[in-house]
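Please put together the full structure from these sequences, using the hints given.
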Amino acid sequence: MELVRKIIIGVDGAATFLAVHSLYFFLLIIDHNRARVEGILNLYPKQKMKNDITILKIGGSSITDKAREETLDQASLEWFAKLIASYVSASTTLGPNHKIIVIHGAGSFGHHSAKRYGLRCGKSVILDESTSYPRSDVSDVDLQYQMEGLSKTRHSVQKLNSAVVGALLHHGVNAVGISPGMNISSIRAHGATKCNDEVDDSHQGMKLLCQSIHQSLEAGLVPVIHGDACLLYDGKRAGILGGDTLVEGIATLWDESIGTAAASARLCSISRVIFITDVAGVFTADPKSDENAVLIRHLKVDSTGEVHAINDEGGSAQSETLLDISGSSHAHDVTGGLKVSSGGY
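Take the sequence shown: its letter number 178 is residue 178 in UniProt numbering, and every next letter is one higher.
Check before you lean on any hint, since a few could be wrong.
As a list, the in silico DSSO-like pairs of lysine-lysine whose alpha-carbon atoms are at most 30 Å apart [stated by the list, open to error]:
1) LYS159 - LYS236
2) LYS159 - LYS115
3) LYS115 - LYS236
4) LYS152 - LYS115
5) LYS288 - LYS159
6) LYS82 - LYS159
7) LYS152 - LYS236
Label-pair distances were calculated between CB atoms; the ranges are [as the list claims (entries may be wrong)]:
8) MET182 - GLU69: 16 to 24 Å
9) GLU256 - GLY220: 22 to 30 Å
10) ALA219 - ARG116: 36 to 44 Å
11) ARG272 - ASP142: 38 to 46 Å
12) GLY166 - VAL141: 34 to 42 Å
13) MET147 - THR71: 20 to 28 Å
These aren't lab readings, by the way, just hints derived from the structure by calculation.
Note that beta-carbon positions come from the ideal geometry of N, C-alpha and C, so glycine has one too.
Given below as structure tokens:
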């Protein structure tokens, strides 16, 4: 199925709307607009919808100090936990079909060790190596080094997951951590991305993750999943399974994963995804370090994952500019840029 995507950033840069596969995506800001974010998020439990599962993805840099290894932003984490507790409390009055899935990035937990060991975003690796799938020219020494990096990176990100779950428990949320990396059979760092239409077991791994999440939801728990380090498609080398790749895989394969009867009844489908970030929208550069950074109010993502800025102000004619968004402004970010995060299957 071809992905048709449209991103619309509000005139004040406070929210981004993205429609993909009839899902609704909102990019919300945690920095100086917390009241606005809380108001938008808490709007949804008041809407009585039959199928109402929300994925809430918070960037790791929003709850950690990404420049300092394994350092929490305690104030932001506390605010986030209170927000989730408020959402869960409001949802309980509307019946059992109002659920929330929390996915968080690694921030300063994981990115530093991943960069130190040269672990890359699995999705970008599989796209770069699409002409040589699979690779077999990695030495035993290199493999051992990558497994060391995988172990230490997983250990680090699991610390953050424990902190997030702990904060939610403190505020009365029955949260349970789910670590996808080596705990889910056949899950891979590229999520469910295909390489040259090759068939591997990565889709099955993502489906098993969906089933684990679904089981938690059915038990009345709030699953908290984190970006992780795991094996690449060849089952030997290591890579990063980013939080955004998890969002994409879970949202796309959810109905197929939980079974035909449940999917056809539409009793537990994902209806929206909300992203919380620490900058006020999508910019031409990092607004925290570049005073000339300009807010991009309208974006279009084509079926290849290329992102175009749309200029439709001041007239009926539209012009498009292809954006170079392949990198990240964070020195220790290994999950890639917006293209990797929003790329298709």
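Satisfaction of the hinted span 38 to 46 Å by the C-beta atoms belonging to ARG272 and ASP142
Given range 38 to 46 Å: holds, Cβ gap about 42 Å.
Pair hint LYS159 and LYS115, alpha-carbon separation not exceeding 30 Å
holds, 18 Å
Is LYS82 close enough to LYS159, meaning Cα to Cα at most 30 Å?
With a Cα-Cα distance of about 20 Å, the restraint between LYS82 and LYS159 holds, given a limit of 30 Å.
Measure nothing beyond the straight line between the CA atoms of LYS115 and LYS236; if it is 30 Å or shorter, mark the hint as holding.
It holds: about 18 Å lies between the C-alpha atoms, which stays within 30 Å.
Between LYS159 and LYS236, does the CA-CA distance stay at or below 30 Å?
holds, 25 Å
Sort out whether LYS236 lies within 30 Å of LYS152, counting only the CA atoms.
With a Cα-Cα distance of about 16 Å, the restraint between LYS152 and LYS236 holds, given a limit of 30 Å.
Distance restraint between LYS288 and LYS159, which requires alpha-carbon spacing of 30 Å or less
holds, 27 Å
Is 20 to 28 Å respected by the C-beta to C-beta distance linking MET147 and THR71?
At roughly 26 Å between Cβ atoms, THR71 and MET147 fall inside 20 to 28 Å, so the hint holds.
Starting from LYS152, check that the Cα of LYS115 is at most 30 Å away, please.
Status holds; Cα separation ~11 Å.
Can the suggested window of 34 to 42 Å be confirmed for the beta-carbon pair GLY166 and VAL141?
holds, 38 Å
ALA219 versus ARG116 beta-carbon gap, inside 36 to 44 Å or not:
Given range 36 to 44 Å: holds, Cβ gap about 38 Å.
MET182 and GLU69, beta-carbon distance inside 16 to 24 Å?
Holds - the Cβ-Cβ distance for MET182 and GLU69, about 22 Å, lies within 16 to 24 Å.
Every hint from the earlier list agrees with this structure, and none is contradicted.
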